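Q: Listed below are the residues making up each chain.
2 protein chains.
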Amino acid sequence: MQIVIIGSGNVAFHLAKAFVLNDIPLAQIFGRNEKELNQISSALKIPYSTEKLKDADLYIVCVSDNSVENVSQLITKKDSLVAHTSGSLPKEILTGEYRKSIFYPLQTFSKSKELEYEKIPFFIEAENEEDKKILFEIASKISGNVMESTYEKRKYIHLTAVFACNFVNHLFSRAKEISDSQEIPFEYFLPLIDETVQKIHEIDPKSAQTGPAVRNDKRILELHEQLLKDESLEIYKTMNHSIQKMYEL
Amino acid sequence: MQIVIIGSGNVAFHLAKAFVLNDIPLAQIFGRNEKELNQISSALKIPYSTEKLKDADLYIVCVSDNSVENVSQLITKKDSLVAHTSGSLPKEILTGEYRKSIFYPLQTFSKSKELEYEKIPFFIEAENEEDKKILFEIASKISGNVMESTYEKRKYIHLTAVFACNFVNHLFSRAKEISDSQEIPFEYFLPLIDETVQKIHEIDPKSAQTGPAVRNDKRILELHEQLLKDESLEIYKTMNHSIQKMYEL
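From first to last, the protein sequence lines stand for chains A and B.
Sequential numbering of the first sequence, starting at 604, is according to my numbering.
Sequential numbering of the second sequence, starting at 604, is according to my numbering.
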């Protein structure tokens, strides 16, 4: 089976690496950014091209959501299976006369950060059972956590991930902004952050809530508001309001 | 040196346990809640009382912020050092004719969750060098990370912790609410959450930001807003606005 990965960003790099590490041969990595492709190609020993897309049985499109539709039109081989890796696009965004599918890894990818691929949940959608089987077999070589999905379900999976990952990371950015402003090293907070996350492996987050809002400690809430401004103050008010609503305070 | 811990909640329990594990003798654990005190006393083999506060050299007040002032008035021994453990109260909230100080552990505590005490940063404040030395020595038996602080600095440490811990945990609660609504097991998101946190041990959170807001993907932002309501929608809008401000989008 000839497999081609399209893209040269974080997802393309990590999927290509996971394929190579699990002895799933890649016929080509294809994209526009020659510098990035060249680096991936050298690191993983996969042929690359920016011009001639190879004939393949399976194309995995790993480009930003805005580009999936355009890029999918480059695939002209009719007897092929095409998957995209986006959390929020239907498989029908793929535009061409081939079989359409989804190969969605639920993880946050940065090229500079190594990952344990075997723990990544993969969500699969396809037009028929045979294609599902193909994608399940490939994903199962990488991860112990492969599931079927639907577009409806995947939208909510992605939305949950935005709260649990993207927004959490932004809170770390705003937290660091506060500690930096007082020359307090952000490293001091890493044991606390690690513990916050370890806790929810064991306890429902709703039961694990601590802090001034859930204690309804008005004195501290007011003190904190005086220390904040602009977006951080908005976040402070919105989060406290949401906490107090959840616990009916 | 006779040391007494006052309180029977999460902080009192974990500090008492850290003292016992590090061979720092405790003369008594004192509080109002006999059931909780009895459990801590049995588990850690420390005498407890709900009525007669023992004469001691050091009292560590581990009660909720609202109770620190009242509880501190129970301490009548003049030649003693009294510390409280709150992130947001000045040491002057302690009301009595004794030496006042701070013994602030930067961590989130739940009785049911074990902790690595040696990693907890402790922040110390006292009226004089001798008292500082006493508290440094005790904290250093528990943790490798003991520092002097000031009230001004401690306020910002606590505020940073609210963003990096309390608000992060609340995002997990709201995320779980979304996944629960679609019968998607929240366990699927744990590898993603773990990775989100591991990343900031290596990369500045501002550089690690991913997701639709930082990509300015208006289609997804609108789609997500349609899936949300009430407090979760408010959080969604506030966080995206803050992300887009930070990256000047």
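Rather than coming from a laboratory, the hints here were simulated on the basis of the structure.
As the structure is a computational prediction, the values presented were derived from the model and not from experiment.
Warning: the hint list may mix true and false statements.
Covered stretches of chain B, as calculated for chain A (at least 3 residues, CB under 8 Å) [claimed, not checked]: (1) 634-647; (2) 664-674; (3) 805-814.
Label-pair ranges, simulated between beta-carbon atoms [claimed, not checked]: (4) A:Lys638 <-> B:Lys840: 33 to 43 Å; (5) A:His844 <-> B:Pro788: 26 to 36 Å; (6) B:Glu717 <-> A:His844: 29 to 39 Å; (7) A:Glu721 <-> B:Ser667: 35 to 45 Å; (8) B:Asn636 <-> A:His844: 29 to 39 Å.
Positions of the beta carbon are idealized from the N, C-alpha and C atoms, including for glycine.
Q: Next step is simple, just say for each hint if it's right about the structure.
A: Status of the hints after comparison with the structure:
no., hint, result
1, 634-647, "violated (count 0)"
2, 664-674, "holds (count 3)"
3, 805-814, "holds (count 9)"
4, A:Lys638 <-> B:Lys840: 33 to 43 Å, "holds (37 Å)"
5, A:His844 <-> B:Pro788: 26 to 36 Å, "holds (28 Å)"
6, B:Glu717 <-> A:His844: 29 to 39 Å, "holds (33 Å)"
7, A:Glu721 <-> B:Ser667: 35 to 45 Å, "holds (43 Å)"
8, B:Asn636 <-> A:His844: 29 to 39 Å, "holds (31 Å)"
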